[in-house]
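Line order of the protein sequences matches chains A and B. Mapping the first sequence onto this note's numbering, position 235 (from 1) lands on 235, and the numbers just tick up by one. Mapping the second sequence onto this note's numbering, position 60 (from 1) lands on 476, and the numbers just tick up by one.
Calculated directly from the structure, the hints in this document are not laboratory data. One or more hints might be untrue.
Straight line, CA to CA, 16 Å or less: simulated EDC-like cross-link-like pairs of lysine to aspartate or glutamate [what the hints assert, rightly or not]:
#	chain 1	residue 1	chain 2	residue 2
1	B	K421	B	D519
2	A	K8	A	E89
3	B	K568	A	E114
4	A	K335	A	E303
5	B	K568	B	E556
6	B	K569	A	E114
If you anchor each label on the Cβ, the simulated ranges turn out as follows [claimed, not checked]:
#	chain 1	residue 1	chain 2	residue 2	range
7	B	A530	A	A369	43 to 49 Å
8	A	T287	B	K569	52 to 58 Å
9	B	D559	A	S320	57 to 63 Å
For glycine and all other residues, C-beta sits at the position ideal for the given N, C-alpha and C.
What follows is the residue order along each chain.
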Amino acid sequence: MAATLVEKIFSQKCGRSVRAGEVVMAPVDLAMVHDITGPLAVQKFREMGGTRVFDPGKIVLLFDHQVPADSISAANNHVFLRKFAIEQEIPNLDLREGICHQVVMERGRAGPGEIIVGADSHTCMYGAAGAFATGIGSTDMGFVLKFGALYFRVPETIRIVATGTFPPRVGPKDLILEITGRLGADGATYQALEFTGSTFQTMDMPGRMTCCNMAVEMGAKAGIVPPDRVTGEYLAGRRDTSLVSLSSDPGARFAQEYSFNAEDLTPRVAVPHNVDQVVDVSRVAGTPIDQVFIGSCTNGRFEDLKEAADVLGNRSFHPSVRVIVIPASRTEYLKALRAGIIEKFVSAGALVEAPCCGPCMGGAFGLLAPGEVSLSTSNRNFRGRQGSTEASVYLCSPATAAASAINGQITDPREV
Amino acid sequence: MRVWKFGDNIDTDAIIPGRYLVIYDPRTLAAHAFEGTRDEFAESAREGDIIVAGRNFGCGSSREHAPLALLGAGVRVVIARSFARIFYRNAINVGILPLVCRDAPSIEDGSAIAVHLRDGYIESGGKKLPIEPVPAFLQEIIDAGGLVEYAKKLERVETCTGSQS
Ligand code: SF4
Numbered sequence: 001m002a003a004t005l006v007e008k009i010f011s012q013k014c015g016r017s018v019r020a021g022e023v024v025m026a027p028v029d030l031a032m033v034h035d036i037t038g039p040l041a042v043q044k045f046r047e048m049g050g051t052r053v054f055d056p057g058k059i060v061l062l063f064d065h066q067v068p069a070d071s072i073s074a075a076n077n078h079v080f081l082r083k084f085a086i087e088q089e090i091p092n093l094d095l096r097e098g099i100c101h102q103v104v105m106e107r108g109r110a111g112p113g114e115i116i117v118g119a120d121s122h123t124c125m126y127g128a129a130g131a132f133a134t135g136i137g138s139t140d141m142g143f144v145l146k147f148g149a150l151y152f153r154v155p156e157t158i159r160i161v162a163t164g165t166f167p168p169r170v171g172p173k174d175l176i177l178e179i180t181g182r183l184g185a186d187g188a189t190y191q192a193l194e195f196t197g198s199t200f201q202t203m204d205m206p207g208r209m210t211c212c213n214m215a216v217e218m219g220a221k222a223g224i225v226p227p228d229r230v231t232g233e234y235l236a237g238r239r240d241t242s243l244v245s246l247s248s249d250p251g252a253r254f255a256q257e258y259s260f261n262a263e264d265l266t267p268r269v270a271v272p273h274n275v276d277q278v279v280d281v282s283r284v285a286g287t288p289i290d291q292v293f294i295g296s297c298t299n300g301r302f303e304d305l306k307e308a309a310d311v312l313g314n315r316s317f318h319p320s321v322r323v324i325v326i327p328a329s330r331t332e333y334l335k336a337l338r339a340g341i342i343e344k345f346v347s348a349g350a351l352v353e354a355p356c357c358g359p360c361m362g363g364a365f366g367l368l369a370p371g372e373v374s375l376s377t378s379n380r381n382f383r384g385r386q387g388s389t390e391a392s393v394y395l396c397s398p399a400t401a402a403a404s405a406i407n408g409q410i411t412d413p414r415e416v
Numbered sequence: 417m418r419v420w421k422f423g424d425n426i427d428t429d430a431i432i433p434g435r436y437l438v439i440y441d442p443r444t445l446a447a448h449a450f451e452g453t454r455d456e457f458a459e460s461a462r463e464g465d466i467i468v469a470g471r472n473f474g475c476g477s478s479r480e481h482a483p484l485a486l487l488g489a490g491v492r493v494v495i496a497r498s499f500a501r502i503f504y505r506n507a508i509n510v511g512i513l514p515l516v517c518r519d520a521p522s523i524e525d526g527s528a529i530a531v532h533l534r535d536g537y538i539e540s541g542g543k544k545l546p547i548e549p550v551p552a553f554l555q556e557i558i559d560a561g562g563l564v565e566y567a568k569k570l571e572r573v574e575t576c577t578g579s580q581s
């Protein structure tokens, strides 16, 4: 019987045919834990009677949400997790590499056909590598640390088909915002999103990561791009690529199918306070802004920084705007540095910070005061996400963020 | 025991803001539950109070701090028209019962309701509102007293065994 890509991944892992709707205790290939959700996961692992983790090599522990530690409690959590990593002989402990999802991807720790869990909702980003990857809570992670497996209800798949090439200054972030607006914040709850069509097939890996990253904003359990040549080229040199070409069978059953045309797309903005409140940039153009954040696991890669720098050119950012730029990882930071992009940002007046989650997590630095307005390339504009519950966050692409930072107000990147 | 009524898309940042994620103790977290969103909740929620919400309750982050904060405030049951996936599992794992009830929006804020779990309905304002059964594999975890208790009894798990949800 014809199977979806996600059904195939579970079937391959289990050595038998597994269908959507089935609940399976599936083995996991990788478990990712970070500094916010980690301490509780370790505590639960111990409460469950855990003494040795299932496989130290299949665990990645990283610090990114509060790096460098911004409080004594945060520093304590880091110490606690470091001790755990040493005690359990977990080799993959990263103290300073960058945002968890970016680091997992660039180290080649996610691959096609794998089942990956992370104690972070945006773990779905690894779908860009063709993995079935999903976010879980700390107690579930405690269970995984002990047993190396977890109950999964194999999800139905919603197929997203996008065709055509993007017009200038329009890209993957605009597309995924458009998709989120159409499906809604709970449009894919308990389901997987499969991204196909010529737009995704020709999209580079950073763009695919941006799109898969936001699958959870529609409630999806996973977002996945069928692994292909682009995936293979990205993974080559990062991991063993006995590439696994995987895709849904013709005739596979999808819960729903949506079509999008990239050619007609214009810059999109998600307005406060829901990710699915998506409008054309012209609807909010002219809105004064206090802060612009270019970064996060959604849009903090070299390509994103370059897109923003291209829009910026040799101009300066508006003097009344705090522009915070945070590369997603040390590797991406170095690439941008060597390409002269960081110098451009600093000259233009930006505050460039070391790789971490920054204002995106709303607990470290870059917080907003009541009444302030932020424009952000991250993935969530919930009330209070970046500080005061009386502040407003708009989401957009790096191009729109840069154009707006120049003008001090939301601006169409095609008009600067 | 009263109902605290909320709308659609109540996200985990609203339930517990990011700046409190360094805390793991339910009672301490509870002091900041819905801070800036509905401040009177932390002040006056009592043991046994029930949260009632619309669609997509608990969307957003995987932070287990969200159900823990509710637990610390005394909440044992959350009733919603629908739940976000990660919150739903986290709730069960920490010992909160998430109940799906299509008629949840008809329940009034501040009202008293009775949950008849075994018979599968909620009594609200003289009406019986049906609740959806919890999926069988999760019911097993609830019956064990949560995932920690369930896991304690296991030496190892058998992978790829399955059942229909
Ligand atoms: S950058 Fe934001 S969304 Fe990504 S992992 Fe960090 S806090 Fe979460």
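Going through the hints against the structure:
Proposed proximity of B/K421 and B/D519 is supported: the alpha carbons are some 13 Å apart, at most 16 Å. Taking the CA atoms of A/K8 and A/E89, the gap is about 33 Å. The hint is violated against a cut of 16 Å. Restraint check for B/K568 and A/E114: the C-alpha separation of about 27 Å exceeds 16 Å, so the hint is violated. For the hint linking A/K335 to A/E303, the alpha-carbon distance of about 10 Å falls within 16 Å, and the restraint holds.
A C-alpha spacing of about 14 Å is found between B/K568 and B/E556, which places the hinted pair at or below 16 Å, so the restraint holds. Pair hint B/K569 plus A/E114 does not hold up; C-alpha atoms about 28 Å apart against a cutoff of 16 Å. The supplied range of 43 to 49 Å is met by B/A530 and A/A369, whose beta-carbon atoms lie about 44 Å from each other. The hint said 52 to 58 Å for the Cβ distance between A/T287 and B/K569, and at roughly 56 Å that hint holds.
In this structure, B/D559 and A/S320 meet the distance hint of 57 to 63 Å, their C-beta atoms being roughly 59 Å apart.
Against the hints set out earlier in the document, violations occur for numbers 2, 3 and 6.
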